[in-house]
Structures are given as C-alpha cells and as structure tokens.
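A.B. asks: Protein chains in written order, with my numbering: chain P, 66 to 458; chain X, 66 to 458.
The set of hints was computed from the structure by calculation and includes no laboratory data. Just so you know, not all the hints are guaranteed correct.
A pair counts as met if it fits within one copy or between any two copies, since identical chains are not told apart.
Said to hold, decoys possible - Taking lysine-lysine pairs in the DSS-like style, the calculated list, with each CA pair at most 25 Å apart, reads:
#	residue 1	residue 2
1	K165	K287
2	K202	K341
3	K287	K151
4	K220	K408
5	K190	K341
6	K287	K341
7	K165	K439
8	K202	K284
9	K190	K287
10	K151	K341
11	K165	K284
12	K190	K284
13	K287	K113
14	K439	K228
15	K114	K439
16	K113	K151
17	K289	K228
18	K202	K289
19	K289	K151
20	K439	K289
21	K408	K289
22	K220	K439
23	K220	K151
Number of protein chains: 2
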Amino acid sequence: MVQSFNPPVRTLMGPGPSDVHPRILEALSRPTIGHLDPMFVGMMDEVKKLLQYAFQTDNELTIPVSAPGSAGMETCFANLVEPGDKVIVCQNGVFGGRMKENVERAGGTAVMVQDPWGRAVDLAKLEQALDQNPDAKIVAFVHAETSTGAQSDAKGVWELAHKHDCLVIADCVTSLGGTPIRVDEWGLDAVYSGTQKCLSCVPGLSPVTFSERAIDKIKNRKTKVQSWFLDLNLVMGYWGEGAKRAYHHTAPVNALYALHESLVMLREEGLENAWKRHAHHHQALKAGLEAMGIGFVVPEAERLPQLNAVSIPEGVDDAVVRGRLLNEFNLEIGAGLGDLAGKVWRIGLMGHSARAENVIFCLSALEAVLGDLKAPIRTGVALAAAQSVYSAG
Amino acid sequence: MVQSFNPPVRTLMGPGPSDVHPRILEALSRPTIGHLDPMFVGMMDEVKKLLQYAFQTDNELTIPVSAPGSAGMETCFANLVEPGDKVIVCQNGVFGGRMKENVERAGGTAVMVQDPWGRAVDLAKLEQALDQNPDAKIVAFVHAETSTGAQSDAKGVWELAHKHDCLVIADCVTSLGGTPIRVDEWGLDAVYSGTQKCLSCVPGLSPVTFSERAIDKIKNRKTKVQSWFLDLNLVMGYWGEGAKRAYHHTAPVNALYALHESLVMLREEGLENAWKRHAHHHQALKAGLEAMGIGFVVPEAERLPQLNAVSIPEGVDDAVVRGRLLNEFNLEIGAGLGDLAGKVWRIGLMGHSARAENVIFCLSALEAVLGDLKAPIRTGVALAAAQSVYSAG
C-alpha cells in the first residue's frame, strides 16, 4: 500500500525549482475557490498588474499561462508563427534548439544563428542573418540561457529586429525577477517566463506578456492557432480586463494564489532591490568558487548572476559529487545539459535561494565533498573569500 | 499596494473545482524538491501506479499531464490525430464541441454525431456513422458530460468502434473516481481526466492513460506531433518506467504531491466505495430536490450521480440565486453552459464534496433563497426527504 509522500527538505541551488519561500507555500494551501468566483477574478486582475510590474510593461495581455515554462514558450510560437513564416532563431544553448522545434511544429521555417554555448548572442551575426533574410517575420532569442548562464543584450536584439520589421520573442524564464528585464523599453513583443526560478514560486505556471503589435498579428492570423488550449484569442476571453469572463479552461487556482503571493513579495522588496540582491550574492559565491580555483563558463560581462555555470575540476566525476551533495547535505545543484553534460555544474541563486545562508552552505558543502575526493582545488579559503564580499556590504 | 490574497472559505458544489480535502491542501504545501530528484522520481512512479488503479488499467503510459483537463484533451487529439485523419465525434454537450475543435486543429476531419444535450450518446446513431464512414480512424466521446451530467455507455461505444477498427478517445474528466471507469475492460485507447473533480484535488493536472494500440499509432506517426509540450514521444522519456529520466519540462512538483495524496486517499477508501459514496449522496440530494419540485435534466438511467443538472424553477433569475448562495452562504453551485445557460443549475457532488454535510447545507440554502424569492417550489420538505435516504443507510 502506497503511503503519503513526505519529501526531504532540500536546499535548492540548481537551475530551478529554487527554494520556495514559506509564505508562498502557505499561500498555495489556502482554501480552493471556484475559477469563476468574483473573488478569484479580482485576484486574477491583481496578478496581471503585478506581472506588468515584474516585466516592466503596460502590455494589457500580461498573464500566467496555466502550465510550465515550456508551454509559455509554445504559447508564443504557436500564436505568432503562421505556416510558412520565417523565423530567425539565435541559439546559444539548449533552449534555442527548443525554439527551433517550436517554429517547425507551428509550420514555420527556422533560420538558425549559432553562437558558442556559454556566450551571449552575437548581434553582428544576427544582423547578417536579417540582411540575408529580408522576408523574416520574427526574431527569437533567449535572454537568459538556463543551460549556460549567459545573458544576451535584449535591447540590441530588438533594435536590429525592429529595423527589419520583425517581431521579437524572448525567453526570460530565468531572468524574470533576478536580473533587469524592461519589456516596454526594450521593445520585446512576446516574452515568456517561469514561476520556479527568481520568483521563488512553485513550478507549473508561465508568465507571458504580448505587445499590441503581437496581438494584432494574432488577431489577424489567416489560420487558427493549432493549439486550442494555448490559443490566445480564446485565453484573452478568460483573462480579459473588466469584460465578462468566458470559461475557457479551469485555472490552476491554488498555483495562482502562490504566484500572487510571490509577486506581492517582489513588490514589497522592490524589483531593483531584488536585482541587486541576486547580483550581490553572486559576487560572494563567485569569490568563494574562484578562491577554490573553480572557473566560470561564461565571460564576466555576459554572465547571469542567478545561474552560475562553472567548470567541473579536472578528474572529478560529476554524478558522484552531485549525489553526495544531495545525500549527505540535502543540497541540489544542477548538472550540465546537452553539450555541457558532465563538464559543468549549474549553481542557481534564484529568488529565495539568493541569500547568504545558501552561498555559505553551498561553498562549504562543495569544499567538503571535493576535498574528500582529493579534487584539484584550494581548500580552506572559499568561505573567507565569500565573507569578505559580505563584510564589504 | 496589493496585499496578500486571503480567499473566502467556500463550499464548492459546482462542476469543479470541488472541495479539496485538508489532507490534500497540506500535501500541496510540503517542501518543494527538484523535478529530477531521485525521491521525486520515486513518487512519480507511485503516482503512475495509483492512477492505473483509479483508471482500472495496466497501461504503462498512465500519467498526469502537467496542465489542466483541456490540455489532457489536447494531448489525446494532438498525438493520435494525424493530418487527414477522419474522427467520429459524438457530441451531447459542450465538450464534444471542444473535441471537434481539437480534431480540426490537429489537421483531421470531424464527423459529428449529434445527440440532445442532457442525453447519453445514442449507439445506433454512432453505428450508422461508422457504417457511413468506413475510413474513420478514431471515435471520440464524452463519458461524463460535465455540461449536462449525462453518462454514456463507454463499453458500448468501444464495441462498435472496435468492430470498425477505430481507436477510442474518452473524456472522463468528471467520472474518474466518482462513477465506474474500467479502461482495460472497456477497451478505451486514450482517456483523459482532471484532478479537481472527483479526486478532490486542486485544479491544474490532467491524468491520462493510453493503450498499446494508441502508443503504436503515436510512435509510427508520419508527421511530428504539432505540440512540443504535449508530444508523448518526448513526455514518455521523462515519465518512462525505470529508464533514465530525460529532462523534458519542469514538472509541477507541488501539484503532484497533492495528486499523490488524493490518490492515496482514494486507495484507502477503495474505488468501489468511492463510487458508492457518490451514488449514495446523489440519492439524498435527488430526494431533497424532487421534494422541492426541482426536476433533473437527464433521464434517470443516464444520470451521473456526481453532477446534477437541474431545471431552474419557472420565473427564477439564475444569476440572482447563484449570487445570493455565494454571498450569503459561501456556497458555489454551477451555471448552465452553452445552450443550457440560464436554464439549469449544475450541482456537483464530487470527491470531498460528496458528503452529507454538503447535501443538507445545499438543500437548506437553496430552499432559503428560493423561498425568499417566492419561487414556485415546495418548502419545508426537502431536508426530511434527504434525511430519509440517510436514515435508510
């Protein structure tokens, strides 16, 4: 007979989910009400407003999709790409590849602009691709590559795309709440994110926002969106401002309580303070790791503070170390994905995980395991290096 | 400044979400762990086994889709329908219409078999449609029509479909856990359900199960599934038994804790006991409503015990009554959908809502409001009628 499941209490410092704040877990378990209840509809309006703040946008269509980030990605591509559309996809990690899949499954053609994994999108290459493909309709790129920790210049992408009259789709799954995103200022047309990264919320929802230009394209499609569930023409009827809500699907009520709470907390802290907090703890983690002799994959200027991809020291077995961290320290760090599997670790400092306790604990556990395995690292220096960042304030 | 959201405590007797058991809300808020954590993977295996029990199937591919029931529906159609496929869709309410949308968006052709709303699928009409469409590949029907409360003969549908070498897709959103479903015995090939109905769980997940015949068709498609997120060829890599789990998307970890707990509770109660409980409280509610003079939409032999669609008494304003029940009694009952809007109420007795407290409370509140509005009902008799069912045991 299967028993109730009691999960262990982990410290989550992988690529997400990150540590969920207790206030958010508590909000999650508040009494369920109906998805058409006027009180719930009022809360939905607040979620929209709070998401507009988080995304720094006035876009009316700013909502959480009722499914994880991958479904947010698909919402953008399935709605904006019509059969035959050419889409320029900048790939510098795993998620650019997934974008290509999305374009093709929506009947479009993907023109790939490849950059090395661990580097930002090269704007010169993008410009060349735009020049060579004057019929392209959309540029898609990953603002914060979760597989490598590289951050790209969103405003730069938009400027080029705009000159060529293309819409811009941006993957901000790992950036929202952790590093600056300014949707309106940067001119992004369709942006998707996730709840389980820098918002400290549970996984399962995908915040998205769409510009008026994007909505025009969606409303004037020649063919129906191939997904009924993700068709924004229908979803807008449920999330539409003021209007009578039309039943579309049953919203994940409790998950939305949690997202609401996480956004209230972000508002309380202030977006700029949250960005600063992520950067600050990144500096401490970096000081500690570098003191040990562990290096970063991404050049400093292109690095995301909240996702630290670091090279696994020579001769060290990836899975053994992660296994010991998990079993002996209840600490999760992330493995490499795709081409980087076995070569890097991804250490997340996202949302509630971006705090001194986690940085100190992670450095300490890593040093203990690597020291025990006689890995080629310097021991006894990491904690002091991190502490000196904290002492400097 | 937006504050934390504290929902009212409602009694949920609409078409779902139903009342969520406190054990399940508590499970939902347990500490989040990683979606690739070995402890989580172990829990996923248990969820699969428990779902096999709930569906009465040995199907290997029995999993919860990481999104609401509408996405479960789309998972079935997007994976099984290939461009050009002819699908016979039996429609006897709202959800058959949504099936048609799904068929067409997957590039298929829907042959509609229409039955009156509030009636079961007419097998003679289905047989005629199968005879007239020997090239049909799939028959789709709604086992439990949430919009009307009608239950159809799943085994009968399968026997006809099987004779014509068609796969069967069944909507069991409202039936799972509330009224008998025997997937293997009935030969159903693709079945989807929801968590927020008779499983008493929060909304947001969609349990599905696929037969070997269905998997063969999916594995041998000529074209890719148009949805990346719902492509079972990829999802199977994450949920596959024993195999090394391949990252596909980030599972909604906490929602899966809740589903696990709800299925453990179903196992503890026993599936047959759960079916009996739903039927028993339906008898009491029915006795009370009929004593008041309120009649059912669906003929008795075709009625779902857990979803009671009843005619709104002559001259009574639907919205006024539901509004007063919600505001004065914190009680939610459901409105009619589509053609039945304004004409019927849908009173749910699903999962944790199927208990005597709810039946008595609902009858009492309804009588108070309708009495106050001087509606043409008999007062002072409903509670005794319901009690007599309970006294009889």
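A.B. asks: Take the hints in turn and mark each one as holding or not.
C.D. replies: We went through each hint and held it up to the structure:
no.: 1; hint: K165 with K287; result: both (22 Å within a copy, 19 Å between copies)
no.: 2; hint: K202 with K341; result: neither (36 Å within a copy, 58 Å between copies)
no.: 3; hint: K287 with K151; result: both (16 Å within a copy, 23 Å between copies)
no.: 4; hint: K220 with K408; result: neither (31 Å within a copy, 54 Å between copies)
no.: 5; hint: K190 with K341; result: neither (31 Å within a copy, 66 Å between copies)
no.: 6; hint: K287 with K341; result: neither (45 Å within a copy, 50 Å between copies)
no.: 7; hint: K165 with K439; result: neither (42 Å within a copy, 63 Å between copies)
no.: 8; hint: K202 with K284; result: within (16 Å within a copy, 33 Å between copies)
no.: 9; hint: K190 with K287; result: neither (31 Å within a copy, 35 Å between copies)
no.: 10; hint: K151 with K341; result: neither (38 Å within a copy, 57 Å between copies)
no.: 11; hint: K165 with K284; result: both (23 Å within a copy, 21 Å between copies)
no.: 12; hint: K190 with K284; result: neither (32 Å within a copy, 38 Å between copies)
no.: 13; hint: K287 with K113; result: neither (29 Å within a copy, 41 Å between copies)
no.: 14; hint: K439 with K228; result: neither (55 Å within a copy, 68 Å between copies)
no.: 15; hint: K114 with K439; result: neither (52 Å within a copy, 43 Å between copies)
no.: 16; hint: K113 with K151; result: neither (31 Å within a copy, 40 Å between copies)
no.: 17; hint: K289 with K228; result: neither (28 Å within a copy, 34 Å between copies)
no.: 18; hint: K202 with K289; result: both (18 Å within a copy, 23 Å between copies)
no.: 19; hint: K289 with K151; result: both (18 Å within a copy, 19 Å between copies)
no.: 20; hint: K439 with K289; result: neither (60 Å within a copy, 48 Å between copies)
no.: 21; hint: K408 with K289; result: neither (43 Å within a copy, 32 Å between copies)
no.: 22; hint: K220 with K439; result: neither (45 Å within a copy, 64 Å between copies)
no.: 23; hint: K220 with K151; result: within (21 Å within a copy, 47 Å between copies)
The earlier numbered hints that this structure contradicts are 2, 4, 5, 6, 7, 9, 10, 12, 13, 14, 15, 16, 17, 20, 21 and 22.
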